[in-house]
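Enquirer: Using the sequences and the accompanying hints, generate a full structural model.
First to last, the protein sequences are chains Z and E.
For the first sequence, numbering that gives the first Met the number 0 gives the first residue as 0, with consecutive numbering after it.
For the second sequence, numbering that gives the first Met the number 0 gives the first residue as 0, with consecutive numbering after it.
Honestly, the hints are just simulated from the structure, not real lab data.
Be aware that one or more of the hints could be misleading.
[To be verified] If you want the footprint, here are the derived chain E segments under chain Z, 3+ residues with CB under 8 Å:
| id | stretch |
| --- | --- |
| 1 | 0-11 |
| 2 | 26-39 |
[Unchecked claim] Selected chain Z positions facing chain E (in silico; Cβ < 10 Å):
| id | residue |
| --- | --- |
| 3 | Ile1 |
| 4 | Asn4 |
| 5 | Lys70 |
| 6 | Ser84 |
| 7 | Tyr96 |
This structure is a prediction, so every number in the text was calculated from the model and none was measured.
Using N, Cα and C, we set each Cβ at its ideal position, and we do this for glycine too.
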Amino acid sequence: MIITNIETVPGMNIVAQYGLVTGSTVRAKNAIKDFGAGLKNMIGGELKSYTELLSDAREEALTRMKAQAQKLGANAIVNVRFATSSITVGAAEVYIYGTAVKVQPKG
Amino acid sequence: MSDLLLLLIILGITFFTGSFIEKKHFEDIKKREIALIRKPIINFGSTTWDTNRKITKAELVTGEVVISGDYFKNFVASLKNLFGGRLTTFESILDRGRREAILRMREKARGANFIINTRIEAIMINDTYSKESVPQCAIIAYGTAITYE
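Expert: Pasting the structure below:
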């Protein structure tokens, strides 16, 4: 599965398109790690446990989007966009969407 | 009285920890940015790059970071909120976060020639309605890494 966030796949021709595919996930941190982040919050800097949470969520959303595209028979997703929103404190939603297409090498 | 003393102690500690962490982080960012200086990132897509060369690989790369301010910065900002103007303490947090996210994205695409169509997303993940809460910012940078033959 080729994923790009431009309108095409370089070096390939789009032969069919299957419409929008999406993947989303909402993740919350456990209370113990939240407490650690609360302390880190006071002194400043990167919140590593939250970064981990965010990259897990991104991975999960991507996987779901890929599964959807695979079901449609696509072999690439183009023009992928990320959207994020915070639902409550300590929880974040990652939403990924793109267009599922079938590509073939040029020539 | 003891409340005020506690506040002063917390402010003192967080001032030092916050500025220490920030200084180290900026040094680290600068070093890594210099190391990657020959690998351009651009934020337009489509067909404006060198199309004469054959592209063998195009893939999505991402970089993410969650960064928070410190108590002292938040305190200064809430004071400044009364008068308006630039909140330099928050500017530096967002600046660090964005540059870090972009750097992580670029470091993931080490084998690629360059990254096109870079986009940056940022959200506040904490309770922005309560005045005491220190801002926490989640930033995702993403783009398409292009590798030439």
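Enquirer: Report the numbers of all earlier hints that the structure fails to satisfy, in ascending order.
Expert: Violated hints: 1, 2, 5, 7; rest satisfied.
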